[in-house]
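K.L.:
Here is how the chains run, residue by residue.
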Amino acid sequence: GAVVSQHPSWVICKSGTSVKIECRSLDFQATTMFWYRQFPKQSLMLMATSNEGSKATYEQGVEKDKFLINHASLTLSTLTVTSAHPEDSSFYICSARDSGNTEAFFGQGTRLTVV
Amino acid sequence: AQSVTQLGSHVSVSEGALVLLRCNYSSSVPPYLFWYVQYPNQGLQLLLKYTTGATLVKGINGFEAEFKKSETSFHLTKPSAHMSDAAEYFCAVSDRRGYGQNFVFGPGTRLSVLP
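Chains A and S supply the protein sequences, listed in that same order.
Numbering-wise (our numbering), the first sequence opens with residue 1 and increments by one.
Numbering-wise (our numbering), the second sequence opens with residue 1001 and increments by one.
No wet-lab data here; the hints were simulated from the structure.
We treat Cβ as the ideally placed atom computed from N, Cα and C, and that holds for glycine.
Hints are supplied without guarantee of correctness; some may be wrong.
Pair by pair, the computed Cβ-Cβ distance ranges are [as the list claims (entries may be wrong)]:
| # | chain 1 | residue 1 | chain 2 | residue 2 | range |
| --- | --- | --- | --- | --- | --- |
| 1 | S | K1069 | A | N51 | 26 to 36 Å |
| 2 | A | G100 | S | S1028 | 39 to 49 Å |
| 3 | S | P1030 | A | Q60 | 18 to 28 Å |
Sample of chain A residues with no beta-carbon within 10 Å of chain S, all distances over it, derived [said to hold, decoys possible]:
| # | residue |
| --- | --- |
| 4 | V11 |
| 5 | I12 |
| 6 | L76 |
| 7 | T78 |
Pairs of lysine-lysine, DSSO-like flavour, derived with a Cα cap of 30 Å [unchecked claim]:
| # | chain 1 | residue 1 | chain 2 | residue 2 |
| --- | --- | --- | --- | --- |
| 8 | A | K14 | A | K64 |
| 9 | A | K41 | A | K64 |
| 10 | S | K1058 | A | K66 |
| 11 | A | K41 | S | K1068 |
| 12 | A | K20 | A | K41 |
| 13 | A | K66 | A | K41 |
| 14 | A | K41 | S | K1058 |
| 15 | A | K20 | A | K64 |
| 16 | A | K66 | A | K14 |
Excised from the complex, chain A in its bound form:
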């Protein structure tokens, strides 16, 4: 199957700083990418959907100015957590699909810890 690479796999940052997470589709062009957040022992919650070259669509309750999403190319989407706070600590997962597939491929996730 197709491969989605997410980087970094884990990151620790100080409160008030910003952190960027990358999601790359390695062997296909991802017209759409999705960003999820997962709290411990809970399911995935969709944060936003991004289509290449256009603004991301955020789910209700997700602050678009805090979670900046850029999908500038067909193989790369980034999530930037701005002015991070401890409550932003979580596991963030991206997924990607191409226009002709019925399957979404997931990255390995990024564990963010804000101290």
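Use these hints to put chain S onto chain A, whose structure you have.
P.N.:
Chain S alone, transformed into the frame defined by chain A:
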């Protein structure tokens, strides 16, 4: 709106025993259905999916699931559990009208396999 329920947040089975993880969905139209597995601190791996055709779907690692429209169910089974099957399992649905949109996950079921 679509929703997914998974009966049992935690299921324990003995090694070699039958695995049955339950999934029921609510959707106004027949959706695409998926089962994913997640190991600790990792992303999601697709076990199997139902889109069209045969309602009994076979996946990786000996898992299979049957789509029952009348019961709005998509239960996951494996005849004989292995220690390596211990993980978190998520059932998910996706709107047929635009794959990836309205991609909803269930709350997850943690499978423990006892020696």
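K.L.:
Can you list which hints this structure breaks, lowest number first?
P.N.:
Per hint list: 2, 10 violated.
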